[in-house]
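Chemist: Top to bottom, those sequences are chains P and Z.
Taking the UniProt record's numbering, the leading residue of the first sequence gets 1, the next gets one more, and so forth.
Taking the UniProt record's numbering, the leading residue of the second sequence gets 1, the next gets one more, and so forth.
To be clear, the hints were calculated from the coordinates, so they are not data collected in a lab.
Mixed in with the good hints, there may be bad ones.
Given that identical chains are not distinguished, each listed pair holds provided it fits within a single copy or across any two copies.
Keeping only pairs whose Cα atoms sit at most 25 Å apart, straight-line, the calculated DSS-like set for lysine-lysine is [unchecked claim]:
| # | residue 1 | residue 2 |
| --- | --- | --- |
| 1 | K228 | K20 |
| 2 | K194 | K228 |
| 3 | K228 | K49 |
| 4 | K20 | K194 |
| 5 | K49 | K20 |
| 6 | K228 | K15 |
| 7 | K15 | K194 |
| 8 | K49 | K15 |
| 9 | K20 | K137 |
| 10 | K15 | K137 |
| 11 | K137 | K194 |
| 12 | K49 | K137 |
Protein chains: 2
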Amino acid sequence: MPSHHIVSAYDDELKHLTRKIAAMGGHAERMVDQAVSALVHADPALARKVIADDLFLDEAQRDIDDRTILMIARRQPLAVDLREIIGAIRIAADLERVGDLGKNVAKRTIAVADGLDPTSPFRGLQALADLALTQLKDVLDVYATRAVDRLGATRDRDDQIDAMYTSLFRELLTYMMEDPRNITPCTHLLFCAKNIERIGDHATNIAETIYYIVTGEQLPANRPKEDKSHRVRIGPS
Amino acid sequence: MPSHHIVSAYDDELKHLTRKIAAMGGHAERMVDQAVSALVHADPALARKVIADDLFLDEAQRDIDDRTILMIARRQPLAVDLREIIGAIRIAADLERVGDLGKNVAKRTIAVADGLDPTSPFRGLQALADLALTQLKDVLDVYATRAVDRLGATRDRDDQIDAMYTSLFRELLTYMMEDPRNITPCTHLLFCAKNIERIGDHATNIAETIYYIVTGEQLPANRPKEDKSHRVRIGPS
Chain P
1 MPSHHIVSAY DDELKHLTRK IAAMGGHAER MVDQAVSALV HADPALARKV IADDLFLDEA
61 QRDIDDRTIL MIARRQPLAV DLREIIGAIR IAADLERVGD LGKNVAKRTI AVADGLDPTS
121 PFRGLQALAD LALTQLKDVL DVYATRAVDR LGATRDRDDQ IDAMYTSLFR ELLTYMMEDP
181 RNITPCTHLL FCAKNIERIG DHATNIAETI YYIVTGEQLP ANRPKEDKSH RVRIGPS
Chain Z
1 MPSHHIVSAY DDELKHLTRK IAAMGGHAER MVDQAVSALV HADPALARKV IADDLFLDEA
61 QRDIDDRTIL MIARRQPLAV DLREIIGAIR IAADLERVGD LGKNVAKRTI AVADGLDPTS
121 PFRGLQALAD LALTQLKDVL DVYATRAVDR LGATRDRDDQ IDAMYTSLFR ELLTYMMEDP
181 RNITPCTHLL FCAKNIERIG DHATNIAETI YYIVTGEQLP ANRPKEDKSH RVRIGPS
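Whole structure, please, built from the sequences with the hints as guidance.
Modeler: This is the structure:
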């Protein structure tokens with residue numbers, strides 16, 4: 001039964017692909033979690049670990065890209081299998097980028113560590129990261145289970161992340177106004193907050209890709225909301 | 001000669017794909033150019049135009065995604081044609097993101113417009129944008145001509161962009177230290193500068209994709225340099 005053998009080898013390749021994506025997802029989540037922890041607890045050793053860990057995601061994405069091209073060329077997949085493969089390429093790119101954003105947060109640990117007086121922005125940043133990580137975890141669960149009906153909640157949570165980011169942006173500007181010594185650390189925290197907000201966007205991208213894999217349809221292009229930080233203007237008191 | 005007909009229709013589809021990518025590239029360049037112009041000359045009408053223009057890139061990317069899937073499913077391309085198609089998906093994603101970054105710069109026009117005393121950061125931002133746009137234009141030329149031997153210069157220019165960005169980051173922090181009224185506009189300019197630096201990264205991604213399309217090989221993963229802004233610490237004078 002050669003055709004049975006081919007199909008079964010192909011299934012194995014698809015399973016390998018989804019396992020690899022799941023491994024990338026778990027790795028990216030851990031990196032972001034540890035990056036925020038390194039930043040909040042001023043832990044440069046943990047920050048260095050996160051920076052080193054990023055290599056895994058770079059290599060995994062490259063491996064997925066190579067594998068998928070071979071799968072398409074050899075197996076000539078149709079319809080749902082093709083969507084599965086193209087979807088894996090997209091999700092791997094999003095997860096690789098999530099790792100980059102986590103690495104960039106870790107890199108700011110030293111610049112943030114000294115000089116910041118108020119600890120309140122750390123709480124805000126941690127809350128933002130918790131929400132973004134929940135978002136990422138949820139879409140990876142949907143990728144594993146294919147329960148696309150749960151994707152609506154994902155989009156709603158993205159709005160919450162945007163609102164929390166804009167509020168943190170405002171808070172950080174206020175600290176900068178209050179004391180010039182806060183300017184350098186708060187600027188780096190602004191970029192950390194932006195990175196975490198972007199992680200939420202990548203989770204939304206992944207949600208859209210999963211929807212496309214399962215249904216063959218694309219979700220409408222325009223997302224209902226966006227962060228409003230570009231409008232924030234705060235004058236000195 | 002049915003096989004001749006099939007090949008020729010396929011060639012037409014590939015040509016359409018490369019033309020569409022070229023159109024996206026020209027559109028993205030113009031958006032970034034006009035976004036920086038709107039910001040530097042405090043021109044909200046031009047900013048609104050840029051924001052509206054982004055829709056074209058969103059739709060073009062969606063169109064390319066749909067078309068490429070159909071091409072793979074119907075034509076079952078091998079080797080170089082498959083790389084061409086997968087490459088188009090990647091480049092379209094990079095160009096769509098360049099448009100988003102341009103749009104985000106345009107959105108900050110109002111918040112930057114009032115309150116900024118020194119005009120020097122505008123010169124720095126314009127210079128950074130000019131370099132990033134040259135970079136983008138060059139890789140799009142290589143996409144059109146396939147002259148991959150010119151890609152080395154692209155990577156070198158990415159290092160220049162990173163160095164110029166880090167210097168602008170430092171300059172903007174200094175203005176914020178000098179006068180609290182500069183904090184809001186300079187924070188928005190920091191994000192604009194970061195967006196433009198990211199456009200350089202997307203140009204580098206596109207360069208890597210073109211290399212892959214033409215040679216079938218991937219350029220080494222680790223880029224030699226990165227921006228050093230995450231290390232910048234400036235204390236009040």
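Chemist: For each hint, tell me whether it holds in the structure or not.
Modeler: Going through the hints against the structure:
1. K228 / K20: neither (36 Å within a copy, 32 Å between copies)
2. K194 / K228: Answer is both; intra-copy 12 Å and inter-copy 18 Å each pass.
3. K228 / K49: Result: close only across copies, 19 Å inter versus 33 Å intra.
4. K20 / K194: Neither, since 28 Å and 32 Å both go past 25 Å.
5. K49 / K20: Answer is within: at 21 Å inside a copy they meet the 25 Å cutoff, but 42 Å across does not.
6. K228 / K15: Classified as neither; 41 Å inside a copy, 40 Å across copies.
7. K15 / K194: So K15 and K194 fail the 25 Å test inside a copy (34 Å) and across (38 Å) alike.
8. K49 / K15: neither (30 Å within a copy, 46 Å between copies)
9. K20 / K137: within (15 Å within a copy, 36 Å between copies)
10. K15 / K137: within (20 Å within a copy, 40 Å between copies)
11. K137 / K194: within (19 Å within a copy, 28 Å between copies)
12. K49 / K137: within (21 Å within a copy, 37 Å between copies)
The structure shown violates the earlier hints numbered 1, 4, 6, 7, 8.
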